[in-house]
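K.L.:
What follows is the residue order along each chain.
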Amino acid sequence: MTHYLDFEKSLADIEGKAEELRTMSRANPEAEVDKEAAALDRKASDMLRKLYDGLTPWQKCQVARHPERPHCRDYVDALFTDWTPLAGDRNFADDHAVMGGLARFRDAPVVVIGHEKGHDTKSRIERNFGMARPEGYRKAIRLMDLADRFGLPVVTLVDTPGAYPGKGAEERGQSEAIARSTEKCLALKVPMVAVVIGEGGSGGAVAFATANRVAMLEHSIYSVISPEGCASILWKDAEKMREAAEALRLTAQDLSRLGVIDRVIREPLGGAHRDAAAAIASVGDGIAAMLGELADQSPDSLRDNRRRKYLGIGAKGLAA
Amino acid sequence: MNWITNYVRPRIGSIFARREVPENLWSKCEKCQTMLFHRELAENLNVCTNCGHHMAITPRARFAALFDGGVFTEVAVPEPIADPLQFRDSKKYTDRLKEARRTTDEREAMLVAEGEIGRTPIVAAGQDFSFMAGSMGMYVGNAIIAAAERAVALGRPLVLFSAAGGARMQEGILSLMQMPRTTVAVQMVKEAGLPYIVVLTHPTTGGVTASYAMLGDVQIAEPGALICFAGPRVIEQTIREKLPEEFQRAEYLLDHGMLDRVTHRKELRGELISILRMLLKQSPAVAADLPAPATPEPQGTPADGEAVADKG
Numbered sequence: 001m002t003h004y005l006d007f008e009k010s011l012a013d014i015e016g017k018a019e020e021l022r023t024m025s026r027a028n029p030e031a032e033v034d035k036e037a038a039a040l041d042r043k044a045s046d047m048l049r050k051l052y053d054g055l056t057p058w059q060k061c062q063v064a065r066h067p068e069r070p071h072c073r074d075y076v077d078a079l080f081t082d083w084t085p086l087a088g089d090r091n092f093a094d095d096h097a098v099m100g101g102l103a104r105f106r107d108a109p110v111v112v113i114g115h116e117k118g119h120d121t122k123s124r125i126e127r128n129f130g131m132a133r134p135e136g137y138r139k140a141i142r143l144m145d146l147a148d149r150f151g152l153p154v155v156t157l158v159d160t161p162g163a164y165p166g167k168g169a170e171e172r173g174q175s176e177a178i179a180r181s182t183e184k185c186l187a188l189k190v191p192m193v194a195v196v197i198g199e200g201g202s203g204g205a206v207a208f209a210t211a212n213r214v215a216m217l218e219h220s221i222y223s224v225i226s227p228e229g230c231a232s233i234l235w236k237d238a239e240k241m242r243e244a245a246e247a248l249r250l251t252a253q254d255l256s257r258l259g260v261i262d263r264v265i266r267e268p269l270g271g272a273h274r275d276a277a278a279a280i281a282s283v284g285d286g287i288a289a290m291l292g293e294l295a296d297q298s299p300d301s302l303r304d305n306r307r308r309k310y311l312g313i314g315a316k317g318l319a320a
Numbered sequence: 001m002n003w004i005t006n007y008v009r010p011r012i013g014s015i016f017a018r019r020e021v022p023e024n025l026w027s028k029c030e031k032c033q034t035m036l037f038h039r040e041l042a043e044n045l046n047v048c049t050n051c052g053h054h055m056a057i058t059p060r061a062r063f064a065a066l067f068d069g070g071v072f073t074e075v076a077v078p079e080p081i082a083d084p085l086q087f088r089d090s091k092k093y094t095d096r097l098k099e100a101r102r103t104t105d106e107r108e109a110m111l112v113a114e115g116e117i118g119r120t121p122i123v124a125a126g127q128d129f130s131f132m133a134g135s136m137g138m139y140v141g142n143a144i145i146a147a148a149e150r151a152v153a154l155g156r157p158l159v160l161f162s163a164a165g166g167a168r169m170q171e172g173i174l175s176l177m178q179m180p181r182t183t184v185a186v187q188m189v190k191e192a193g194l195p196y197i198v199v200l201t202h203p204t205t206g207g208v209t210a211s212y213a214m215l216g217d218v219q220i221a222e223p224g225a226l227i228c229f230a231g232p233r234v235i236e237q238t239i240r241e242k243l244p245e246e247f248q249r250a251e252y253l254l255d256h257g258m259l260d261r262v263t264h265r266k267e268l269r270g271e272l273i274s275i276l277r278m279l280l281k282q283s284p285a286v287a288a289d290l291p292a293p294a295t296p297e298p299q300g301t302p303a304d305g306e307a308v309a310d311k312g
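Going down the list, the sequences are from chains A and B. Note that full-length UniProt numbering has the first sequence beginning at 1, numbered continuously upward. Note that full-length UniProt numbering has the second sequence beginning at 1, numbered continuously upward.
If you are wondering where the hints come from, they were derived from the structure by calculation, not from laboratory data. Owing to the predicted nature of the structure, the values given are computational and were not obtained by experimental measurement. A couple of the hints might just be wrong.
Keeping only pairs whose Cα atoms sit at most 25 Å apart, straight-line, the calculated BS3-like set for lysine-lysine is [as the list claims (entries may be wrong)]:
1. K190(B) x K316(A)
2. K35(A) x K9(A)
3. K17(A) x K50(A)
4. K31(B) x K190(B)
5. K91(B) x K240(A)
6. K309(A) x K190(B)
Pulled out of the complex, with its shape left as it was, chain A reads as follows:
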């Protein structure tokens, strides 16, 4: 069962009808409805192209949060070998909202870190919907240290609504953990690349995405605040999320224009959830290309260039 978003309603009708016809033709092979079904398929695919070529920022938020969108775990399974998760922050707990460990990317050993949202009720609760607590960031810091010590590149996959706003998280120093994680990103003398695969939610995303190269999937978002949160504060009306999404400039395309990210990775027609394997393969190629660009840099220049890049961000606004 495909999960349709609200703006895909007419598409759902057409695809539903096509499916019905095909079921009918399977039950009754004499009924010549294949042609009609094929016509409907063509219509659906045209509609899909039109919809996805013109997604509004708010629609992109919806696609970025699509429940069937491939998540960190799917990328790790498909793109890496010898995946060896490493757990715990050595202080308090292991945060399941953050996956991290050693793996091989196209044979080369790397450290992988990412937010995992989960794919059903049980795993979503276990993963806390991808909202990390301080332990998650402290686990990431530990793994980045490991990468730094052994000269392994760091690959991060960013997909979080934001850091978890909970009582214990605050008591254990959520802000300090995020600050230290960003600080660690900026201290590494190994290549670091980040891909925003879904939601890049605020400080919780920055803590993993302060990298030499940052890519975003075409329909992912990266923002200082959720459109709903922004709308309720600035418009005093959470229902103004469409306007807020527009104003915040949180799409991959806008971020690329602003010079905040380096690369936009194409998604299959209709979004990553319609063809997960293709989306994952494109991300793999993106990671390979970004790591390739950094291959010749010395440890010191990797760190210095990363810092210089961030100091320079925003100097030109939308004209960048």
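Using the hints, position chain B against chain A.
P.N.:
Just chain B now, kept in the frame of chain A:
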């Protein structure tokens, strides 16, 4: 809503409001409701003389009381591109900025200065909550970078007073990018072997807490300051329970190991001098030898910063 309510009335209102400031010799403590004489309150650095409640103080007034003889030199901050996203909510961002400049008479939400405290040369940066809730955008980022560069160039410690509702939403992703930018600034100071001391004042929240405000060599907070990543309201909505009154206050953070000290505003100057001189391996300051800090002028009540900041 018409021309009169939108334009004329606020204009008339602002004329009266302006006239009121010099006449308004009394202000009320937000906490114990005691009426406080303006000059006395200013002399006490905006700390209630009755209950000790710490009220907001602008960086300019704070610096006047911090630096020897009240003498400091402002450090120039590179002006960022104006309104980088062409942001507009119910108001245009450029109009909000103009309004903040008019009410505060400041350029932006952070003031950077150099001078001496107890004959110890420092660079100081102070965040101004009265300017759009002290929110962190490109200018604040540039100010912290300028402060760090100046500290490194002069070989001086950096003392930063934080106060902010968080990131400035009207600069969208670019406000978020101030987290890594300011972190680089902190790294410059630390890698030059210089102390970086943070004084967290009420309130320090969101992306500000999650970057430069939590990375100090020594972390001091003023009593009662709200210091958090996610604000209490957001947390209450998430966990659906009422939080204790003292939650996320300076004393609570001290108890949970997130701060080194909670220090009364009146004692802050002496403590900073003492800590800095130890970290710099300088001889103790001789109190008798020190010029007295200036007595600050009473300030107009700072305008309410509109909620422009976010969770981080």
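K.L.:
Please go over all the hints and tell whether each is borne out by the structure.
P.N.:
Outcome of the hint check:
The suggested pairing of K190(B) with K316(A) is violated, with an alpha-carbon distance near 29 Å, which exceeds 25 Å. A hinted pair counts as satisfied when its Cα atoms are at most 25 Å apart, and K35(A) with K9(A) qualifies at roughly 23 Å. A threshold of 25 Å between alpha carbons decides the hint, and for K17(A) with K50(A) the separation of about 19 Å falls inside it, so the pair holds. A hinted pair counts as satisfied when its Cα atoms are at most 25 Å apart, and K31(B) with K190(B) does not qualify at roughly 38 Å.
Under the criterion of a C-alpha separation no larger than 25 Å, the hint pairing K91(B) with K240(A) is consistent with the structure, at around 14 Å. A distance of roughly 19 Å separates the Cα atoms of K309(A) and K190(B); the hinted pair therefore holds under the 25 Å criterion.
The structure is inconsistent with the numbered hints 1, 4, although it conforms to all the rest.
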